[in-house]
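Undergrad: Protein sequences appear in the order of chains A and B.
Using our numbering, read the first sequence as starting at 1 and increasing by one per residue.
Using our numbering, read the second sequence as starting at 1001 and increasing by one per residue.
A couple of the hints might just be wrong.
[Unchecked claim] Covered stretches of chain B (in silico footprint by chain A; criterion: 3 or more residues with CB under 8 Å from a CB of chain A, positions within the stretch not fixed):
#1 1003 to 1012
#2 1089 to 1099
#3 1163 to 1175
#4 1198 to 1205
Please keep in mind that the hints were generated in silico from the structure rather than gathered at the bench.
For every residue, glycine included, the Cβ atom is placed at its ideal position computed from N, Cα and C.
Protein chains: 2
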Amino acid sequence: MSELRKDPVTGRWVIISTERRKRPGDFRLESVEIAPDDSCPFCEGHEGMTPGELLAWRGNGSPANGPGWTLRVIPNQFPVLRVEGTLDRQGEGLFDKMNGIGAHEVVIESPRHGDTLATLDAGAVEQVLWACRERVQDLKRDRRFRYMIIFKNHGAAAGASLDHSHTQLIALPIVPREARDEVDGARAHYQAKERCVFCDILRQEQADRRRLIAENADMVAVAPYAPRFPFETWILPRRHQALVEEAPRHDLAALARLLGDVLRRMNTALRLPPYNLLIHSAPVVEPVGDYYHWHVEIIPTLTKVAGFEWATGFYLNPVAPEEAAQVLRDARV
Amino acid sequence: MSELRKDPVTGRWVIISTERRKRPGDFRLESVEIAPDDSCPFCEGHEGMTPGELLAWRGNGSPANGPGWTLRVIPNQFPVLRVEGTLDRQGEGLFDKMNGIGAHEVVIESPRHGDTLATLDAGAVEQVLWACRERVQDLKRDRRFRYMIIFKNHGAAAGASLDHSHTQLIALPIVPREARDEVDGARAHYQAKERCVFCDILRQEQADRRRLIAENADMVAVAPYAPRFPFETWILPRRHQALVEEAPRHDLAALARLLGDVLRRMNTALRLPPYNLLIHSAPVVEPVGDYYHWHVEIIPTLTKVAGFEWATGFYLNPVAPEEAAQVLRDARV
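Given the sequences, and given the hints that come with them, work out the whole structure.
TA: Next comes the structure, spelled out in structure tokens:
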């Protein structure tokens, strides 16, 4: 029997269609294998192929834009938004528009072409998170920006155009709809109950345990109650905190460890799946600290989104989160 | 320079990224070619392979569930929701769920395997629309249902699991989020201006003409001002009407003619693209007649939706609607 479930944050309903239930082996899985590429612009030694670096970890004091780094942040060569110019909001009759002011940066996670977040050690993954934190703190000084998106596309099926492991950061002059829905939902919960809805979720999931995937002292990985996608996974900090860029170093270190663990579990159970990783954090200019709670969402690319989903914003998921959590809990890594 | 644009109904922002602009030839197009299939359950003569028909057009008085039809409506053999049972709404601590009560039907649009909405004559397309109208009118007598989704996936890349041309209909016990956002946005516009936002869009697009694709006496096809996807196309009735199932026959006849025309333009310009087609209509139990306005959305499958879109509900579209409209206006059919 299928079931309709409601996400407690956004109010979004999903159908968990267990009659059509699938096991990991039933998906047409597309494994991400990284082929060598001598012309990869993100590899060490190819720094001249990218725009100049905005930030780099260079333990040995090597000069900028040459070899010797463990991580580099560069502007995206094909940015969807540009930093230069004045934000110009205009009407066009009924319609509203503004020019494409923003920032679009790339965190190159390793100098080596074949590394991934699942194979890097926890220290290197922590470096990636710390670099995102530093870039967000720098970008938010620009008062034109209202929201920072940190995301990663792993594998061509998940939208990656380059194989070399990288994370992207986009600063936006508006708060996008998904973030707005989460913030509004969290505010409504807080107004009704004087509690953070994400803290409530953490409390219930830890008592229930059926949707727990893995945890450590500071972070908890769960299959959400109303997942849009098979094997959708959230990692939440135990400590209530609205903005990822205000997270203490030990929270990011704990996230790095748990993130590597979860990605290795997915690699085992789902055979090196493509995935999207997103950091959901609060809008940078709104006082939402009491009720918003930053977190990470990981969505393996296992199914196609079709007309039904576009029509309705209503997702059809053939795998119950209790089953997905068990598969990932049991995965040997 | 890219541009941020806001949809006047839902308030959803999109980035029109014209610096990365692509022409139709730049997409990795996947043409939909329908291969013969002797075991297709939707072909005439194979009626025994499907559940019994709920409705059929049989001009010659042929008996049910045998040959002699021009259109058949059947229950989906693998429904995501089932009609049987009592709707049972439950809490689970913080979470809300209900059992999967609903209906899931399939309109087989032609007895012939190779037909599509683009190759069928206008009379046959009108039959499809009329069958949807009849089924919705029947299903809405069931007071458990609050929303009816009518949608079509054309081609495997758009999520179709069978090649034989068909439309699906799902009756839901809730109003899904996309419909809720449109209804709420239309209500807010009406409260501010005492006008239907869709009527306002029609008026502006007809005066402006840059985003007009095609029109006839009753229907207008436009590239929306803030499209999520390249070549996204809306067809709106000139006559204000909230519910598709209350549309008069000549509106559906006019839609059938314009829909065939638009799909043939897409087939020429985009080389037989996969697509999703959706009918957006009002929730069946809410009095929204003053401000909601039913319409059709057609979304060719040309790009992959990646992490950025999931993260934000914020779409990145490499083709300006003014350019898409011109390509489709100029397409020879």
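Undergrad: May I ask which of the numbered hints given earlier this structure violates, with the numbers listed in increasing order?
TA: The structure conflicts with no hint, since it agrees with every one listed earlier.
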